[in-house]
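Number of protein chains: 2
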Amino acid sequence: MYDEKGQRYLDCINNVAHVGHCHPDVVKAGAQQMEQLNTNSRFLHDNLVLYAQKLQATLPSKLSVCYFVNSGSEANDLALRLAWQYTGHKDIITLENAYHGHVSSLIDISPYKFHQLSDAEHNPSVHVAPSPDVYRGKYRADHPDPATAYADEVKNIIEKVDKKGAAIRRSTCCTGAKHVREAGGVFIADEVQVGFGRVGSHFWAFQLQGDDFVPDIVTMGKPIGNGHPMSCVVTTTEVAEAFMSTGMEYFNTFGGNPVSCAIGLAVLDVIVKDDLQGNAVRVGRYLVSQLEKQKEKHSLIGDIRGCGLFVGVELVRDRVKLTPAAAEAQEVIYKLKEQHILLSADGPHRNVLKFKPPMCFSAEDVDEVVQKIDHILTELEDALGLKLHSVSDKENEGGKRKVGVTTASCLMQSDEKKCKCFPTFSSALNIIFNSFS
Amino acid sequence: MYDEKGQRYLDCINNVAHVGHCHPDVVKAGAQQMEQLNTNSRFLHDNLVLYAQKLQATLPSKLSVCYFVNSGSEANDLALRLAWQYTGHKDIITLENAYHGHVSSLIDISPYKFHQLSDAEHNPSVHVAPSPDVYRGKYRADHPDPATAYADEVKNIIEKVDKKGAAIRRSTCCTGAKHVREAGGVFIADEVQVGFGRVGSHFWAFQLQGDDFVPDIVTMGKPIGNGHPMSCVVTTTEVAEAFMSTGMEYFNTFGGNPVSCAIGLAVLDVIVKDDLQGNAVRVGRYLVSQLEKQKEKHSLIGDIRGCGLFVGVELVRDRVKLTPAAAEAQEVIYKLKEQHILLSADGPHRNVLKFKPPMCFSAEDVDEVVQKIDHILTELEDALGLKLHSVSDKENEGGKRKVGVTTASCLMQSDEKKCKCFPTFSSALNIIFNSFS
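Chains A and B are the protein sequences, given in the same order.
One point on numbering: in UniProt numbering, the residue at position 70 of the first sequence is 70, and numbering is uninterrupted.
One point on numbering: in UniProt numbering, the residue at position 113 of the second sequence is 113, and numbering is uninterrupted.
Honestly, the hints are just simulated from the structure, not real lab data.
Errors might be hidden in some of the hints.
Intra- or inter-copy, both count: the list cannot distinguish identical chains.
[Stated by the list, open to error] The list that follows gives simulated cross-link-like pairs (lysine-lysine, DSS-like), each with its CA atoms no further than 30 angstroms apart: (1) K273 - K28; (2) K138 - K273; (3) K372 - K178; (4) K178 - K160; (5) K28 - K297; (6) K90 - K155; (7) K273 - K321; (8) K273 - K335; (9) K54 - K28; (10) K54 - K5; (11) K337 - K372; (12) K372 - K62; (13) K28 - K5; (14) K54 - K160; (15) K54 - K90; (16) K160 - K28; (17) K387 - K5; (18) K5 - K62; (19) K28 - K293; (20) K90 - K321.
With the hints as extra help, turn the sequences into a complete structure.
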């Protein structure tokens, strides 16, 4: 990215510009179709069919009905309508600190947002499960079986809701999926932040759950059009038929217009042509390995986690107490910006440095940003009088948690089982594991 | 428009392609900005400021805060959130047959949609006022004062809601605005269908209410980007400050991106450069005058109404009983399509032919479509054995209603007072008069 004076910035945050800012193939596809025809969705156009086919080819065959809309928020709102209609109930299980969008129905299911409201305003149909965070969450890495413990939380919510008379609930978190399905609920996978190859090893983050895991509804957004306002909901014929049976037509003026579809097609083509998913694996792994080296040097780095090119670095003042280093994270962001690097901090405590760069991010880019983080952390730690060795020692005494490279690099080495238990960032969207809350 | 075989169609329905399909200025603006930069709304860009300023210049100065979003539905949902927050209550008055969008909060306030649901599913905070339709509505042209009668309906709703303890309601229909304001409610003008000069005499349909009438919130959509997914909510500083005071940041990933703003700017420029608002006055007036001539010939035409290039022709089997001629309307649409003209039917009875062409629609285009409608109606009436004179006579006996040219042409001759009382189409969006429900 370049600012208004032509200054170059290294962009570590624009996950919307998925295949790279102003990728010529995407620009060309959009411009050509704009010149030719752009109608609303009452008109059929080949692009709509071609795009639906190409998108479906990336998904399990059961997910075969596409609804094209304009934003992740529209997608998640439609997903709720589909789920409500299919199950006949309004109960929703969502994760702590989740964010699913800005329209009013989604504020209701976004603790990241609704925690700012008074209790009276909370929707009684919305049930919040703890986020499966093994670093700072309810069940941590030293727990014998955090996956089951988090899943049981979902099970408990289901049982409690059942007692109140509501038989079915739907969207929920990863490991709880089985319980939700057993209770007749549906599983909504919110891929708005993490879809389209960002996790590297898979095209969709829900696929980290295993090849046999198929959500009932998948929502997509941000990266889908490389910045163009578009999004999509994909579901099964069963869910779509239940929705159609209401007789209420779903109409969306801009959704699925030929320009959006041309752009969507170009994005899918570029992901394959430029091997961006492979790049996410390779550069993501390199990024984590370089960050792990920094963790060995800097006591402020408490945890490194993520998949592919979606990586979080949690800063703490104390590796045992996990005191969030929010001011320090902000300082890193500001200092990096002065040095022409864009990075952001996130998480409920705003102490997680969040890497979600365009997917063409390179190893050289990793070197540039990590080197500068190294300098900034060194200065910060000098100023704060923090030293590593004593902290590291305490950490090793503190529990069963392994130190350094081991923990997170196994995450990056396509260790899917590990990856499953490491959702991380806040403000990312989640109803499901690929939450990264 | 051209189909996949290159066949030309005369387009009488694409109000989204506001300044004409693929207008070169709009395509160029979009393509150039796509090549240069397209970021999400966390980044400031001159286009955002320039566009907000240019849009604001078309509005009363009190409406000074813009929120950029991606669709009319997102805009109306945000308008609800603003209204709820500002007034502290959730009651909403909406009009019969209104349609305000497809997200779940808007289905609640869209009788056009929610009439398809069971009573149990209706939102108790939503109150439906009769649509001020003087042709087929509760108070008609033969009523001594339909405007006051419709306004009193709103007043009655407000009093009833007050008794239930809810002190404030907001969005409502035209003539009831005074009552809503007095009760501390806010007035939302939904301009998604009718804004940007379509009504001809004014840039915004709410301005038909008089120069001193200023809504609290205005929502925009469809024509704003000539097909590009974008929309806007404009409100007062009072409403915006109340919303900000919650501390909940409003963030929209795609809203206000530099490409959308570049396109929005180009659309505003073309409206002025090509005098499309003036064209809407002139061609709209000519369209109505030509349709009135058809009404003198064809008993199937019951009513002609609208403003500028938003015109409806209501077909009836009987001008006294007003029996909706839905099948005949459908037949007209199909026959026109065979002859390469696109027109649609709408209204709660699907018997209103709805003209909302791109704003570059010409007098020659009017001649082409009206001539073909003439032939089709002649054939239909021959087949049905309908004759005009007897019907016309009955109509004159039936009430005080004037016949033919007089009624609707006065509408078109910028007779705003009349125009106010003739909202018409269904499926158009409305919380306010510019409903055209």
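Here's how the hints hold up against the structure:
For the identical chains of this complex, K273 and K28 are neighbours both inside a copy (16 angstroms) and across copies (27 angstroms), given an alpha-carbon limit of 30 angstroms. For a Cα distance limit of 30 angstroms, the shortest separation of K138 from K273 qualifies neither inside one copy, at 42 angstroms, nor across copies, at 62 angstroms. In this assembly of identical chains, K372 and K178 lie within 30 angstroms of each other by CA distance neither inside one copy nor across copies; the values are 44 angstroms within and 61 angstroms between. Proximity of K178 to K160 under the C-alpha cut-off of 30 angstroms is restricted to the intra-copy arrangement: shortest distance 17 angstroms within a copy versus 48 angstroms between copies.
When the C-alpha separation of K28 and K297 is checked against a cutoff of 30 angstroms, the pair qualifies neither within a copy, at 46 angstroms, nor between copies, at 52 angstroms. In this assembly of identical chains, K90 and K155 lie within 30 angstroms of each other by CA distance solely inside one copy; the values are 17 angstroms within and 34 angstroms between copies. In this assembly of identical chains, the alpha carbons of K273 and K321 never lie at most 30 angstroms apart, being 46 angstroms within a copy and 65 angstroms across copies at closest. For a Cα distance limit of 30 angstroms, the shortest separation of K273 from K335 qualifies neither inside one copy, at 36 angstroms, nor across copies, at 47 angstroms.
In the homo-oligomer, the alpha carbons of K54 and K28 lie at most 30 angstroms apart both inside one protomer (19 angstroms) and across protomers (28 angstroms), since each shortest distance falls under that limit. Proximity of K54 and K5 under a CA criterion of 30 angstroms is satisfied inter-copy only: 24 angstroms between copies versus 40 angstroms inside one chain copy. For the identical chains of this complex, K337 and K372 are intra-copy neighbours only, at 11 angstroms inside a copy versus 64 angstroms across copies, given an alpha-carbon limit of 30 angstroms. For the identical chains of this complex, K372 and K62 are neighbours neither inside a copy (46 angstroms) nor across copies (47 angstroms), given an alpha-carbon limit of 30 angstroms.
Proximity of K28 to K5 under the C-alpha cut-off of 30 angstroms is found in both arrangements, the shortest distances being 26 angstroms within a copy and 24 angstroms between copies. For the homomeric pair K54 and K160, neither the shortest alpha-carbon distance inside one copy (42 angstroms) nor that between copies (54 angstroms) is at most 30 angstroms. For the homomeric pair K54 and K90, neither the shortest alpha-carbon distance inside one copy (32 angstroms) nor that between copies (43 angstroms) is at most 30 angstroms. In this assembly of identical chains, the alpha carbons of K160 and K28 never lie at most 30 angstroms apart, being 54 angstroms within a copy and 58 angstroms across copies at closest.
For the homomeric pair K387 and K5, neither the shortest alpha-carbon distance inside one copy (40 angstroms) nor that between copies (73 angstroms) is at most 30 angstroms. For the homomeric pair K5 and K62, neither the shortest alpha-carbon distance inside one copy (50 angstroms) nor that between copies (34 angstroms) is at most 30 angstroms. For a Cα distance limit of 30 angstroms, the shortest separation of K28 from K293 qualifies neither inside one copy, at 41 angstroms, nor across copies, at 48 angstroms. In the homo-oligomer, the alpha carbons of K90 and K321 never lie at most 30 angstroms apart, since the shortest distance is 39 angstroms inside one protomer and 44 angstroms across protomers.
In summary, the structure is inconsistent with hints 2, 3, 5, 7, 8, 12, 14, 15, 16, 17, 18, 19, 20 from the numbered list given earlier, while agreeing with the others.
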